[in-house]
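*Asks:* The lines below spell out each chain.
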Amino acid sequence: MSQKSFTVAMIDALAHSLKNDPNVVVIGAHSFLSDRGLKPEDERALWDAFPDRLIDPPTSEGVCTSLATGAAMAGMRPFLNYGTATFAYEAFNQIMSETANVHAMSGGQLRAPLTLHMFAGIRGGGAGQHSSSPQAMYANSAGLELVLPASPADAQGLLRSAIKSDNPTVVITHTKLLAMTGDVPDGDFTIPFGQARIAREGRDVTIVATSLMVREALKAAEALAKDGVEAEVVDPRTIVPLDAETICASVRKTGRLVTVDEGNALCSISSEISALVAERAFDALKAPILRVARPPVPIAFSPPLEAHVTPNADKVVAAVKKLTQA
Amino acid sequence: MSQKSFTVAMIDALAHSLKNDPNVVVIGAHSFLSDRGLKPEDERALWDAFPDRLIDPPTSEGVCTSLATGAAMAGMRPFLNYGTATFAYEAFNQIMSETANVHAMSGGQLRAPLTLHMFAGIRGGGAGQHSSSPQAMYANSAGLELVLPASPADAQGLLRSAIKSDNPTVVITHTKLLAMTGDVPDGDFTIPFGQARIAREGRDVTIVATSLMVREALKAAEALAKDGVEAEVVDPRTIVPLDAETICASVRKTGRLVTVDEGNALCSISSEISALVAERAFDALKAPILRVARPPVPIAFSPPLEAHVTPNADKVVAAVKKLTQA
Amino acid sequence: MALSPREVLARMLLMRRFEEMVITLARAHKLGRQHLAIGNEALGAAALMQLRAGDLIYTTHRNHGHMIARGVDPGKALAEILGRAGGLNGGKGGTWHMTDPSLGFQSTSAMVGGSIGLSVGGAFALKHKKTDNVAVALFGDGALDEGIAYEALNIASLYALPVLFLCENNSKEGEAQTSRLATKELTAVPKALKIACASVDGGDPEAAGKAVATALAHVRDGNGPYFLEAQLVRWPGSHQTVHAFTTGVTDVTAAWDSAKASNVHAEWQRTDPILRTARTLIARGTVTREDVVALDNAAAVTMAKARGFAEASPYPKPEAALAGVFV
Amino acid sequence: MALSPREVLARMLLMRRFEEMVITLARAHKLGRQHLAIGNEALGAAALMQLRAGDLIYTTHRNHGHMIARGVDPGKALAEILGRAGGLNGGKGGTWHMTDPSLGFQSTSAMVGGSIGLSVGGAFALKHKKTDNVAVALFGDGALDEGIAYEALNIASLYALPVLFLCENNSKEGEAQTSRLATKELTAVPKALKIACASVDGGDPEAAGKAVATALAHVRDGNGPYFLEAQLVRWPGSHQTVHAFTTGVTDVTAAWDSAKASNVHAEWQRTDPILRTARTLIARGTVTREDVVALDNAAAVTMAKARGFAEASPYPKPEAALAGVFV
Ligand SMILES: Cc1ncc(C[n+]2csc(CCOP(=O)(O)OP(=O)(O)O)c2C)c(N)n1
Ligand SMILES: Cc1ncc(C[n+]2csc(CCOP(=O)(O)OP(=O)(O)O)c2C)c(N)n1
Ligand SMILES: [Mg+2]
Ligand SMILES: [Mg+2]
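Residue numbers (the numbering used here), protein chains in the order written: chain A, 1 to 326; chain B, 1001 to 1326; chain C, 2001 to 2327; chain D, 3001 to 3327.
Excised from the complex, chain A in its bound form (with noise of 0.2 Å):
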């Protein structure tokens, strides 16, 4: 174990992968390892080991989607980079027509092993074009894996995972958790795909977050601890393949569900997961089910009226004592 950042967490994922895999290629690397916490003379090392492999291409999203994609057919296992969610809509039929059909369209025939990364979320003054949170419209898709990572040691295993999946896989980071550090396990390790994480065992309260929520349905408990509710919190880490299992299980136990996303309430996560519970387990449930998301308004600039619709730990809370009062 060591501590580590998020993005150093993540960097060394795609450290090891690199070394392990000569088809292991990075387009998009400036924005991916600049200014992410490296020690230069560590960035530096880096691009000297992989100079052919780490890829700074032109601003165009669309062919760059192609490009991995179809290098990914061919054989190799590339690793694209975005950087701001935002800029992966400019590719969004490369990635929604051709990426996601590539192996059930050709009757097994291909596969295309390419991971997506995007930085996403309300990260603070991004406004209206650099504040999605769209993990919500890749999941509505059929084809794609979707990561949703949380902590630097999910980010570590978790991006490991991705790359070394088959499938094309979509790895989304919310931009305020680059900073968060933690515990690591040392080494090459993976995390496996669809297996939730009980962040926090508890017995009143069911509370499904993801990505940066999951630090905020944290806080959200430790608050209603004080008051002798015992919320449990799950992070599905991946919600393709989703973990319905331990979700539901939870239910069972608690009777109670808030989900929490930062994603536009409409058709979000937040909706799936409360759909899913209301169709698995409703012979569970005391009370209604309530999300905790964005209200469907373009993100504004303006640090009030952000913080206005952002998801965090009082709203969480806030919903969690509707339930559990009423």
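Derived from the structure by calculation, the hints contain no laboratory data. Fair warning: this is a prediction, and the values are worked out from it, not measured in the lab. Careful, some of the hints might be misleading.
Restricting the straight-line Cα-Cα distance to at most 20 Å, the calculated cross-link-like pairs of lysine to aspartate or glutamate (EDC-like) are [what the hints assert, rightly or not]:
#1 1286/B to 279/A
#2 1322/B to 283/A
#3 315/A to 1279/B
#4 2030/C to 1035/B
#5 322/A to 1035/B
#6 1321/B to 279/A
#7 2127/C to 283/A
#8 1315/B to 2185/C
#9 2172/C to 1021/B
#10 2129/C to 52/A
#11 3130/D to 1035/B
#12 2130/C to 283/A
#13 3129/D to 1279/B
#14 3194/D to 2319/C
#15 321/A to 1283/B
Footprint (simulated), chain D over chain C, 3 or more residues, beta carbon under 8 Å [as the list claims (entries may be wrong)]:
#16 2075-2081
#17 2189-2202
For each residue, glycine too, the CB sits at the ideal point set by N, CA and C.
For this one, chain A is given, so just place chains B, C and D with the ligands on it according to the hints.
*Replies:* Leaving out everything else, chains B, C and D with the ligands in the frame of chain A:
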């Protein structure tokens, strides 16, 4: 009233708009008008009447969207037809980052009154790239109205409202609805957004369905009625804005809910309606909420494979029976 | 190694009879839309017959001809078009997405601009592996309307990727234009991006074959991408949604029988690459009329067998719809 | 109507002092990132000062200079950058999305390629209304990497739309390259698409002014789009995330005081368009040193007032976050 096909109803809405407002311009007119059941002389007459306002642009969905948006901001009222919905993915960044943000991001200084129309759905042989039902992705954005017409009369009235709306409005037409005929009021009329339609009254279960699935829900309701189960079928007609009141009121009456939408199940419109009811009408629920949606797989070409994953009346009946027989 | 004109003609005839069989089957089985490559045979055969094992191919909605030209099993191709388990993709792709990696086919994308985009990825991988294989993007003139085509041309030139951009231009001004470029020269933009370019009569298999050979040599030798425009005559049925034998079932004897060549399809028969090629080769003494008839008969026999295979192939099990999304 | 060199210099000084004030405020208020237009003043003033009422402007992340050049209230602009209710967009846009339709600003898009895309829509509307107004797209060299730029150039040429594409090229090869084009000539692709093109030294307000005048006349006269590349010297702080006075606070006396001009910033001071312009106008006798100092002082006074306004403006009410999504 007169009998019309769905497409002729849509074209009539467009013709009214062109006649009433010199700022209406149609980009992508050819694929909207041709082979859509108009008499050849009627189609010819349209092209002759508006030679400068019916435009057949390059296959450049991205800039067609920018062009329509920029023109809307400068005082026009464009109607942009993409053809198949997946083609609009080529313009996803323009739609999400530019069009949807115009009004809010400018602090209300500007507006973008345009309509974005696309043909969607599992259409028979569309395979992986021509069978998308992207409604949930548009619902998950912020700043776009979203309309899903399900009958000729609604198509005409809702399309007319979309073009008159001062907001950017996405209208998604299921390809299999195009040939549907029905009674349509004569003349120029509108249907307001945010008002669900009770397509059939019932007391035992609420079926909320959209687009083509309204037809399937009604078929299912007929079949269920033979077994003494009276289903209420609710068609929200617009998802943004959503008539949550009518949906919740129906569930409060019936105590049971099945949601039907052709989109991929994960983070779908079905998920959203389910979550809405689990939040706001929980106490009325007597049974789990079931979703009938497309499983998250790319649509295969082969007819039996396509049929297997397409939501239909039989699947709705099966879902309802699960609830009413439990 | 130059192509044998006789073999090229034989392949062209097979391509034509394949598409005619598709029309027949589309009517018999009430299929939806396919985009037929009738009229594109000369370029298709001349280009695809020159590829090597390990070359990677990316094609479009108008892909049938490319596959048959490269030697894909016509029975499996027809079965795929019928959605059968014995089809190339096991019925998952259909006409728009037929794939046969054993012959280098990486993808058929029905998205305009899809093939050109993916091709640079294949070329990137080939360059990384340091082979002298090439990636070949086949696309219509319409693809040049899409921004992705521009981005692909740029990145291929920037990284000197081994890719042949092969544009099948079937746009005729005024009628049935499939591209809307502000310039009439399709090579203008690739040229501006420093890509070596040429244009060729795509109805002449020898001229096309030479142009493709030059292009392939350029790319294999590590000189970066090459853009070749093949000017095609547009078959009048190119955009039909309900198939018809718009120009009649091909009758190879019209190549020399002037009575037949002066019927309602005379204009088409003048430019039809099959008849044109037959006329040229006969005039030059490379083949006789009898040879042409024999080659055509052989193609018909192959297609009858292919049809038998395809129609006998069962549909996949419905549950297969849920499998195979992820590896 | 030619621009007055003195007025242009005054405007340039205001643009510079504006950006320096942004640096000061960014530090004082711990703001996030802005993209400053230091070094772009000559082109910005020369271009934007020539626009007329009714012309439509589309700009980018590096927009401050354009707004000040066009005459936008610097107090409201600063307030917007601070996220205040008195800002141009009421705090909803911030630095990346400032808009002032009263002066023709339709959009600031922080998406690379955003402005060029929307501009053709404005031009389309202007053409429809049959005015002689123009749409002006301001964008960096980086925008030409994006497919949307290509599509926009094509459709503008195809429909002969009244739009001036004004490219601010601040890419220096090797260091801080913001575009990755396979050609060194930024006008190559627009030329290939039949658009009239020119390049100009964007550090010289007179040359830039003339080039813009020619371009605007072409567009206003109904000759379709025009592409003008302005070659800029890149300010070393252009990409900084935490602002610093990278080249020092501008000291106009360095235009003539050689002791000052030989400090650590000598290289920058040689090419700085402000100092360059001052030197030229003084040498020519158009202005005196005293005039320059006086103009600079006036700019400083304006900016002090602007700061006062901005900092006194309250934040919007939190609930405003939920309002104004739909009309
Ligand atoms: C992204 C996208 N936009 C639009 C279409 C609809 N479409 C199908 S074929 C076609 C014309 C293509 O022309 P071209 O590429 O020249 O091929 P051709 O059919 O002429 O061989 C279009 C626009 C599509 N398939 N994909
Ligand atoms: C679609 C998109 N992709 C990537 C970015 C990230 N980005 C911000 S500024 C920039 C460089 C832009 O260069 P240029 O257009 O030349 O403008 P400059 O900053 O040099 O003035 C990039 C790539 C973005 N804003 N939008
Ligand atoms: Mg074509
Ligand atoms: Mg630049």
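*Asks:* Now tell me, hint by hint, if it's right for this structure.
*Replies:* Here is how each hint holds up against the structure:
1. 1286/B to 279/A: This hinted pair holds, its Cα atoms lying about 12 Å apart.
2. 1322/B to 283/A: 14 Å, holds
3. 315/A to 1279/B: Holds, at about 16 Å.
4. 2030/C to 1035/B: Holds - the C-alpha atoms of residue 1035/B and residue 2030/C are around 18 Å apart, at most 20 Å.
5. 322/A to 1035/B: 55 Å, violated
6. 1321/B to 279/A: Within the cut-off at roughly 14 Å; holds.
7. 2127/C to 283/A: 58 Å, violated
8. 1315/B to 2185/C: 54 Å, violated
9. 2172/C to 1021/B: Measuring from Cα to Cα gives roughly 35 Å; hence the hint is violated.
10. 2129/C to 52/A: Between residue 2129/C and residue 52/A the Cα gap is close to 12 Å, so the pair holds against 20 Å.
11. 3130/D to 1035/B: 33 Å, violated
12. 2130/C to 283/A: 61 Å, violated
13. 3129/D to 1279/B: 50 Å, violated
14. 3194/D to 2319/C: 54 Å, violated
15. 321/A to 1283/B: Holds, at about 17 Å.
16. 2075-2081: Coverage by chain D is violated here, the residue count being 0 at a Cβ distance below 8 Å.
17. 2189-2202: holds (count 6)
Going down the numbered hints, you'll see the structure goes against 5, 7, 8, 9, 11, 12, 13, 14 and 16, while the others check out.
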